[in-house]
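Read off the chains here:
Number of protein chains: 2
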Amino acid sequence: MKVWKRIEPTVVNKIGYRTIVTKTFKLPDDSTKGFQTIDQEDTHFSGVVALTEDNQVIVAQQFRPGPEKIMTEIPGGKVDGGEDYQAAAVRELAEETGYNPGKIISIGQIYKSAYSNGIHHYYFATNCQRVVSGQQLDDSEFIDVKLISPKEFIANALKGQMTDIGAVLLAYERLVNLS
Amino acid sequence: MKVWKRIEPTVVNKIGYRTIVTKTFKLPDDSTKGFQTIDQEDTHFSGVVALTEDNQVIVAQQFRPGPEKIMTEIPGGKVDGGEDYQAAAVRELAEETGYNPGKIISIGQIYKSAYSNGIHHYYFATNCQRVVSGQQLDDSEFIDVKLISPKEFIANALKGQMTDIGAVLLAYERLVNLS
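Residue numbers (our numbering), protein chains in the order written: chain S, 1 to 179; chain D, 1001 to 1179.
Just so you know, the hints here were simulated from the structure itself, not pulled from any lab data.
Each hint should be verified, as a subset may be incorrect.
Partner residues are not named here, just some residues of chain S that face chain D (Cβ under 10 angstroms, in silico) [said to hold, decoys possible]: (1) Arg6; (2) Ile20; (3) Leu27; (4) Pro67.
With a straight-line Cα cutoff of 27 angstroms, these simulated DSS-like cross-link-like pairs (lysine-lysine) come out [what the hints assert, rightly or not]: (5) Lys78/S / Lys1014/D; (6) Lys146/S / Lys1005/D; (7) Lys33/S / Lys1005/D; (8) Lys159/S / Lys1103/D.
Heads up, incomplete: computed chain S residues facing chain D, CB under 8 angstroms, no partners named [said to hold, decoys possible]: (9) Trp4; (10) Gln61; (11) Glu68; (12) Pro150.
By construction, the Cβ of each residue, glycine as well, lies at the ideal position given by its N, Cα and C atoms.
Please model the entire structure based on the sequences and the hints provided.
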């Protein structure tokens, strides 16, 4: 299996906050083809599977515009330019749920999709404590914070009630050992 | 947590084979906001964690235009209009790898992303047999078929060498019990 060679032209289309990049590649049979990918300049996202002192998972219930449903998600979001990935996870946890981690460790990175340059960085946080100031949500964020058991968290993910599935896979053995 | 109310306008932009839909919602604070989602009319994808008679996982190594890397993926792809989801998984397995399943079962459905209406349907196939005709690849598909142990398959996914992570989560307990 050979790496495809990226060639010109590259065409960038911006629709709202989204960027579609048409990348042209020379394929292994020497033909050329353009592929549309959902790329972003700042392509990193951080998310965290976060547990309270009594090992309840802190989840963010929110309406999601893609599925057009309320999903039960892990706290997370886009890494700000120049921000440390773990710092971004800690910031998103605090902003979306009002919790600070006791201990936090990296559990890995995963590509978002075959058609995006986006990378998800996942963390596992234990002994999280509620901070006095509470949530600090962005204008269009409306999030209900719930505490659920690791067992229920895994069951939610398996039932398709979550979009950030990679985090559950990376945290799986840790979560099962807590149950 | 309330479901957001979808209101007009809806704006559809098509860039190559990709459709960006700007959906407008009335938010819980009565403000309105547009969100760009990567929606498709035919929004279903099927994928399969497929095992040979001696319980090796059949994977498809291929270059992916988003990560711009060779990834080790499960066989799968877009469901054709009107096609049964399981039939699509069986078809993609045959086309991409040249294997037919012995037994195949559904292991669940997962939303692709918070910003897409896409749904992934996952299957688990056992006792897969190689067919005489072999792979039947599309014009821009170049796939090396590999057989790897369930342990290596899970390790690959955890190391970020796969994009279709939901399948590994849904198949996890079955895979671990085979190892």
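Verification of the supplied hints:
| no. | hint | verdict |
| --- | --- | --- |
| 1 | Arg6 | holds (7 angstroms) |
| 2 | Ile20 | holds (4 angstroms) |
| 3 | Leu27 | holds (6 angstroms) |
| 4 | Pro67 | holds (5 angstroms) |
| 5 | Lys78/S / Lys1014/D | holds (25 angstroms) |
| 6 | Lys146/S / Lys1005/D | holds (23 angstroms) |
| 7 | Lys33/S / Lys1005/D | violated (40 angstroms) |
| 8 | Lys159/S / Lys1103/D | holds (22 angstroms) |
| 9 | Trp4 | holds (5 angstroms) |
| 10 | Gln61 | holds (5 angstroms) |
| 11 | Glu68 | holds (7 angstroms) |
| 12 | Pro150 | violated (14 angstroms) |
In terms of the numbered hints stated before, the structure departs from hints 7, 12, listed from lowest to highest.
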